[in-house]
Structure formats: C-alpha cells, structure tokens
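S.K.: Below, each chain spelled out in residue letters.
Protein chains: 2
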Amino acid sequence: MDNFIFQNPVKLIMGRGMIARLSEEIPSGKRVMITFGGGSVKKNGVYAQVKEALKDYFTVEFWGIEPNPSIETLRKAIALGKEQRVDYLLAVGGGSVIDGTKLISAGLLYDGDAWDLVLAGKMVTDTVPLATVLTLPATGSEMNNGAVISRHETKEKYPFYANYPVFSILDPEVTFTLPPYQVACGLSDTFVHVMEQYMTAPGQSCVMDRWAEGLLQTLIEIAPKIRENQRDYQLMADFMLSATMALNGFIAMGVSQDWATHMIGHELTALHGLTHGHTLAIVLPATLRVLRGSKGDKLLQYGERVWNITSGTRDERVDEAIRRTEEFFRSLGLTTRLSEENIGMETISEIERRFNERGVRYGENGDVTGTVARKILEQAL
Amino acid sequence: MDNFIFQNPVKLIMGRGMIARLSEEIPSGKRVMITFGGGSVKKNGVYAQVKEALKDYFTVEFWGIEPNPSIETLRKAIALGKEQRVDYLLAVGGGSVIDGTKLISAGLLYDGDAWDLVLAGKMVTDTVPLATVLTLPATGSEMNNGAVISRHETKEKYPFYANYPVFSILDPEVTFTLPPYQVACGLSDTFVHVMEQYMTAPGQSCVMDRWAEGLLQTLIEIAPKIRENQRDYQLMADFMLSATMALNGFIAMGVSQDWATHMIGHELTALHGLTHGHTLAIVLPATLRVLRGSKGDKLLQYGERVWNITSGTRDERVDEAIRRTEEFFRSLGLTTRLSEENIGMETISEIERRFNERGVRYGENGDVTGTVARKILEQAL
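Going down the list, the sequences are from chains A and B.
Position one of the first sequence corresponds to residue 726 (the working numbering), numbered consecutively onward.
Position one of the second sequence corresponds to residue 726 (the working numbering), numbered consecutively onward.
One thing to keep in mind: the hints can contain errors.
[Said to hold, decoys possible] Some chain B residues close to chain A (C-beta under 7 Å, calculated; not the full set):
id, residue
1, Asn728
2, Leu737
3, Ile738
4, Met739
5, Gly740
6, Asn769
7, Tyr772
8, Ser930
9, Cys931
10, Val932
11, Arg935
12, Asp963
13, Ser967
[Said to hold, decoys possible] List time: in silico DSS-like cross-link candidates among lysine-lysine, alpha-carbon distance up to 25 Å:
id, chain 1, residue 1, chain 2, residue 2
14, B, Lys847, A, Lys736
15, B, Lys736, A, Lys847
16, A, Lys736, B, Lys736
17, A, Lys755, A, Lys780
[Claimed, not checked] Counterexamples of contact, computed for chain A against chain B with all Cβ distances above 12 Å:
id, residue
18, Lys736
19, Arg741
20, Ala773
21, Asp836
22, Gly871
23, Thr943
24, Gly1021
25, Ile1034
26, Arg1042
27, Gly1095
Hints are computed from structural coordinates only; laboratory data are not their basis.
Note that the Cβ used here is the ideal one computed from N, Cα and C, for glycine as well.
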C-alpha cells in the first residue's frame, strides 16, 4: 500500500424527498445562482422542488450548461454571477452541470478569463461555496473536487480541480425518467471509474480491491434489472450510490491508478461529440487487450472474483475476462467499436498526434504514449 | 435503502513516516496536550517521533488513560488541560486513548463534571480540536465521532459522541510490536463492527453489503497471515485500513444496524474487565444462534459470499455460517465461551437485570431485551 492522504468533506444527503432540505443546508440570506442543463428538470419535477425549497432566498437561474461543459458557456454564467453578486452556487443536473459549476465557483472570484484556471492545471481553493442536486448518476462529480472542461473552439478537453461541493442531494426518484441511453452511459462511466482505480497491479490493498470488486459486482447485478425497470427505487438507489462511491476517493486509498482509457475517451468526445460513458465502453476493452501483459495478474483476479472465471489457461481466462467486459457494455445497449460509430483511422491518427505533441504518458506505469494509444484505438476498430 | 445523511470530515494520513507530518497539520502556536495510555509508545519509537515532530510547540503530556477509559482518570486530564490552557489535543494510542480524549475535548470547554456530558447522551459539538496518532487498529475511533466511557466506581459503561478528529495519522509500522492478544482483539473488534452494520436484513443496499463482505473477506484472508508474521507491512496496512473503514460510516449508508452484541459485550467488560474485542468474540456467535430466525436470510447470504457455503439445507447452511464465525474467533487465539473465562449465571442475571432496569431494546428490530440478552448469554456459556 502506498502512503496516502484521504479527506472528503462532502455532506451526502440521500433519499426520497431530500431536495426539500435545501433550505436547511444553505445559510439564509445567501444570493444563490442555480445552474441547469436543459429543460428535463422542469418535466420531472426537480425544478419545482428546488424552487419551492429556495422560495425565501434571492435566486438567479443560469440555464444551458451543455454536456461536456464549454468555457464559452461558462464565461456567460460567470459574468451573470458577478453581475448579480451571487455568493452561493447550486448545480442542479448531472456531471456536466456540476463540473461546469465548479469552474464557475472558481471563476466568480478570479479577475481574468476562467480558461486560464483550466490551463494552469492547479487546484483552485478560492471558490464560492457550491452545492448540488444530482439528476444523473455517472460522473461522481457530486462528491469529488474534479471537473472536465471543454473548449469547443479548439476541440480541447481538460481536467480541472477546485473545492468539493459543500453538500450533495441524491434523490433516486429523479432518475426514474432519465433517457435509457443516459442511464446506460452512466452505468458504463461508473464501471470504468472503478476499473481505472482497480485494473492495475494486484496486491496493493486487499480492502481497496474488495471494495472495487464490490462496486463492479453491484453494477453487473443491477444493470440488467435497471434496463427492465428503471422505476425500481432500490435499484436506482444502488446505482446512484455506486456512481458516487466510484469516484469519491473511497476506493483509491494507497493504490495506483490508470486513467488512460479516460484520456483517450476524452479525445473521442472532443473530436466527435460522443457521450463520455459511451467512449469508455469502446476504449476500455481495447485498452485491456493491448495492456494484457502488464495487467495480466489483475485481469486474472478480476475474472475470478467479478466474473467467476475459474478454469482455462491463463491466456484463456484473460481473454474471457476481457470478452465479458465488452459483453457487459453491449448488454447496456452501447456499441463497443469505433467502426460502429463511423470513427476511423483519421481520428486515430489525430489522437496519436495530440498525445505525441503533448508528450503525455498515461496509465499506472506511464507507458500509454501516443503510439500505445494508436494501438488501443486500432484494437477498438 | 433508507434515507441517510453521511459526512465524515476526518483527514486520514496513512503510511510509513507520516507521524513527522504532525507539524504540518497542527497550526503553529497551539498549546497541545498529548494524551497517552501506558508506556509502550516509549518502547516502539512512537513517543520519540511525536516529540520530535512537535518540538517547536508548547506541549503538556497526560499519561495513563487506561483500557476502557474511566471518568475518574479523564477528570484529571481535564483539570490539567484547563490549568495549562491547552487549545489542541493529540491522542497517541489505541481506541481507549482516543475515546478518552474525545471526552477531554468536550470537558475542557464545560464548566461542570464531564460525567454529566456522558449521561446527557447528546452529541457535544463545542470541543477543543483533537487529532490522533493511532497505535492499535481496532475501534475505528480515529475516524468517527463516538467513544465509550466507563465509570469504575459504579461499573457502568456508556457511549458518548463529540466532534470527529481533525486528522488521524496511521503508520502501519507502529503495529509491528503490539502484543498478539491485542492484535487478536483488534481483529475481532473490527470483524464485529462490520457484522453489527451488516448482519441484519438483506436487500437494503447491494453496495453496502458488498463493502461489508469485502471487509470480512479481507479480515479472514489476512488474520492467519498476521498471526504468522506481524511485521508484514502490507498485511498490517490492510488490517489498519480495515479497522478504520469498519466504523467510519462508510458501510452504514442507508442500512439498518444491530449493536446488541456490543451492548452485551460492554457489560462483560464493565463487570469482569474482559478486553472489548474478546467479549465480542464470545457474544456474537451466541447472538447469531439466538436470532437465527430474524437474521436467517442474511446469514445465508453471509455464508455463501463470505464463507463459500453453497450446499446443504437452509438450517445446515445457517449452522455452518455460525460455526465458521466462532471458529474464526478461535483461530485468532481467543476463547469464545463464558465458561472459559469463568463467567457464569450470576453475571448473566446481573446483565439481564441491568437491561430490564434500563428498559432497553437493542438490535435492528428492537427485540433484544433483558430476557433475550439472557438467552444469548446462556448460549455463550
């Protein structure tokens, strides 16, 4: 186990009817900017619940934080927030709204262009307090301090770090009416978040391995049932809890991490607009095929504990573990090949070029260069 | 899944050499009272590391917080702290030292007798900041807001709640020289903490079940290896992490809890001075035997997932799961029967009398009364 420091201050408020607690959690007298994505929250009742809970506060609404939130949009939100002198932010939406609002929380107290903060690559601790009402389980942004911000103009997409949300409200009932494709992408995103922290080398921590495997087992157990009945409270509660627990640091203590799949996936989103969780379903199986050497021991453990693969040669067991992983993503209704999304060699070359240009080396062993990314993407064709 | 609110602000600092970080974590200029148990920290180097790290601070030492910390001892610590106007507390020790220091943290800001705070049964939020250096993995006190305080005069033992530690430092190397009996009791305590939050009804949360099972599987995997080599860093790190994760709220989200075994165990400690973790090894198997009706479904799940018991009738599988549980405690070198500790009917009657007098009803179904406690203890004879 590596040395580590862990701290996660987020207050997690989970369950039916919990949105009404907003007025107990946000100090009275605050000038609150509420940020939203599209209009789905008006159809599913979340907007009405939020407005009712905040009826005694000064509020200003900012609408239209898009999937893969863009600096272009967020600049407008920051300008509005400064103009209205807001001193509290409430993000109501999925990971994109929350991610975008994290940059707003930093941008409100920064005099320059907020894109500077993204490019600087440093954690920003001078922020306006931010809380969230989560509507889409997927990114874990509601309980971490990370975000991913895009710049449409240049098709770039980078990570950004600021303070954690003060609190996050998770009512599983708000997920009942999500489009099934979004649920599938959320399940995929959650699964791959776990894999990025787990599928490295074995023997680093028994506890962390078991917890990561427990999340994977949970997703495998609930996913087919969710696809049958998305209005089952217990199932959606476990999905929501899994997504939050998959990226809040709880399974990352003292273990190495990969994240190559995410970095390659981000490029697919930046270049083609493909939904984040969907890109991961395409990239992860290919990553495992290319890195089956260095990840072999962990793939065996994963195969045995998560998929109950206990017979066959080492190679056969690794094959089967990867095959089952890809099959899981397909069972969600997602495609798992670039060709199915009409993405070909041109994109692969562009991603290789970008990685080489940046001189990056991703993965727990720092061996995923532009050349390796090309191999992975070719395996995903 | 029940509605829940989760928040755990403790900064966990884990690994080799981390005690040196004390001076980065405690604000300079603080007047620090360091609390200790016995003298073992002088032998294993922890005392020297702590003193070196705090050489630029005003410090005062309080020694002698005993196992099952007593109000009689803690009153002296509070008096010393008030006299020395300390404004920061550092508990260096196991669960007893940390528990006791939690009461000190409240007592320093309270004008009356600190026993009032214990009897009041309310969480105290007006406290002096408290940090810990953990030396014995067991109670989880380093990452929760609970404590158990005894009054020797009347042989009473009650829970107490105050603020969480600001930070806790866990260096697995400090456990290498612990007496094997203390390690055994720590493993037992950790195991039963998990069981109190898990062995209730199934189907409340897939994630929480998997995480609890993951901790149990870890303990079962590492315990025999630890008994062979207590100086294996990876093993002791996983033990330390398990103990902390077993009682910091991470496996308690949205699920019911039992705690009857603990409440009965506390009485055995109060009346006979038996080490806490050891009392649990005696009480838990008997609790499971008596409550096998209401806990039957979960006992089957536990047997299958944790002990790989997959054949036999329902009754046979439940029997086997309980038998394996008791066998686990015995494999730690602990006795699991009251008679082995020369405890008999007189104690059983006294515990029944106390429970009846207090009118308590423990357990997730509130059905563990004095009468049921008697049945459990009779099963433990």
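S.K.: If any of the earlier hints don't hold here, list their numbers in rising order.
M.R.: Numbers 6, 7, 18, 19, 23 - these are the hints that the structure violates, sorted from lowest upward.
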